[in-house]
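Trainee: If you want the building blocks of each chain, they are given just below.
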Amino acid sequence: MAEVVLRNIKKSFGPVDIIKGVDIDINDKEFVVFVGPSGCGKSTLLRMIAGLESISDGELSIDGKRVNDLSPADRGIAMVFQTYALYPHMTVRDNMGFSLKLAKVPKAEIDRKVNEAARILKLDPLMDRKPKALSGGQRQRVAIGRAIVRNPKVFLFDEPLSNLDAALRVQMRIEIARMHSDFNATMIYVTHDQVEAMTMADKIVVLQGGVVEQVGSPLELYHHPANRFVAGFIGSPTMNFIDATVKAVAPEGVTVELPGGDNLTVLVVPGATKAGDKLTLGVRPEHLQEGSGDGKLTGTALVVERLGGATYAYVKLDNGTMITAEVDGNSHIRVNDPIQLGVRSQTCHLFGSDGLALAQSTRHPLADVGRGKGGH
Amino acid sequence: MSMPSTFQKPPRWIPVLAWVIAILIFFPIFWMALTSFKTETEAISTPPSLFFVPTMENYTDVIDRSNYARFVWNSIAVSFGSTLLALAFAIPAAYAMAFFPTKRTPSTLLWMLSTKMMPPVGVLIPMYLLFKTLGLLDTVTGLLIIYTLINLPIVVWMLYTYFKDVPGEILEAGRVDGANPMQELFLLLLPLAVPGIASTGLLSVILSWNEAFWSLNLTSSQGAPLTAFIASFSSPQGLFWAKLSAASLMAIAPILVVGWMSQRQLVSGLTFGAVK
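Just so you know, the sequences run in chain order A and B.
To convert, note that position 14 of the first sequence is 14 in my numbering; the numbers rise steadily by one, no gaps.
To convert, note that position 210 of the second sequence is 210 in my numbering; the numbers rise steadily by one, no gaps.
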């Protein structure tokens, strides 16, 4: 059992607050991804959990024990760094066995554990090489092996794939995900790549400016973003935001007027919303279709990108707003063509002037499902 | 795309200039070596003679007249001893400054270096009196202490630069693996910084070996290194160019050999950080 609990964690460098009071509960065996734009504090937060940065205020506990003042080695964690941080003057074997050697584990025991990790990671033929004689992917594996050997309660990954090329990144992503299933360990993973976050996480923590914007399963963040920032950050291409005025409010939803005059009823809990309020309508590019829907938007295609399976149309609406639409790969749309896009009411989001989302009336059926495990 | 400048040969005058500069720098040493094999009369003749019958008499005279071995031993003791001492102080200092910097680290470094900017003669009298009181005049220990202190700023500064180049994440990985600060220093940082430490040490040895101001003022015979040995040939009885040359050559020979054997280390050390 190794839950990680962060309570009002703060970090300041002099007068500058980097982490402004973070509360996160990470369950045992959970794969949690911290995601956010660069400078959001996600790496700092991870390094604070690792013990490489001091905690200015708040409580951090791992496995039920307060660890604020413990050294990294005593926290039961292992970390994989972005640059791998292998010891350049040691062989792969010595790199992986270093922590055990420091802990004065008997030689035979070290060999057994290192060989076991090498077998799992298919590093056997490389054991006597130095890191400089390895490829990027192999170095990454050694770094992971070094973590495995310590048999930690919690694995910490700091953007481990960002130095790899695209193909290797996908491969390592799958390997780390499989490793998580095999080891049944708690893992905390930092990335700026929302695709990595979506594909690997049981739970995603979206950070911005040292504050947690939202915590939830990947599909919860996708279908029920708490605010405009999360809505725009999760999903690719990014969500479209269109100004809309409230026409009518009913218990089952809020009716807004779209640019061009069409009315659309979005299925959200109205709360204090009243007719005449200015809101922002959020609709994902993949939820727009050519033709008509519950409401329509009209404009001109300025750029058309054909990806084969899908076509991205960058559309300037008649009121001047730029939006992106993911239309069919076989669409005949061309640059400067007029285009009509249909919007379906159940895929739309509404955000108040404070940026907060109006809660959806019905919860998406998959919103509480973690990565392939039926949820936590 | 064409890439013109990168693959072009440098203009022809560059190597010529390099040779001219090299010869200019080397000439005094060459002339000194030549003079050391002349008789005293040949040494002061004008025009200077390029062709002469070489003689070893200066060398035998010099060795007969003084205890060369003791000077050599003193030089070795003070230059290597002070270098080891300086490294022992500087390594922890540079480690702390490179990996745990505070707001004041840059100013501390600059302040340390600024002590090198004062002319040493400015503190000669107080130093002399201090040495006299402590009974350190004309001792190897005295020189050892003063050379360590003289070289410390440069050694700290150079090591700091080298350590800065070791990725901090490697040491952090060590910390996660359970290394205490000592293990971090000895098992991770020092093995990675060996080239830097070697060239820093070498520079410190050379600087101490060639140091003349303090050795001439604070030692005379028992604790005197080779610089004092050379100087002893330019005093009371007048200037004996040939013997002075022979003594000088004997003084610089050991360090010349060390320098020549480690020139690759030295060059890479001195240009370190300049290209990257």
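Derived from the structure by calculation, the hints contain no laboratory data.
Quick caveat: nothing in here was measured; it's all calculated off a predicted structure.
Take the hints with a grain of salt, since some may be wrong.
Said to hold, decoys possible - Below, computed lysine-lysine pairings styled on DSS-like, alpha-carbon distance capped at 30 Å:
1. A:K10 to B:K9
2. A:K101 to B:K164
3. A:K132 to B:K116
4. A:K29 to A:K122
Trainee: Does each hint hold? Answer for all of them.
Mentor: Results for each hint:
1. Under the criterion of a C-alpha separation no larger than 30 Å, the hint pairing K10 of chain A with K9 of chain B is inconsistent with the structure, at around 58 Å.
2. For a cut-off of 30 Å, the pair hint linking K101 of chain A to K164 of chain B stands: about 27 Å separates their Cα positions.
3. Note on K132 of chain A and K116 of chain B: the hinted pairing is violated, with a Cα-Cα distance of about 40 Å set against a maximum of 30 Å.
4. For the hint linking K29 of chain A to K122 of chain A, the alpha-carbon distance of about 24 Å falls within 30 Å, and the restraint holds.
Checked against the numbered hints given earlier, this structure breaks hints 1 and 3; the rest are met.
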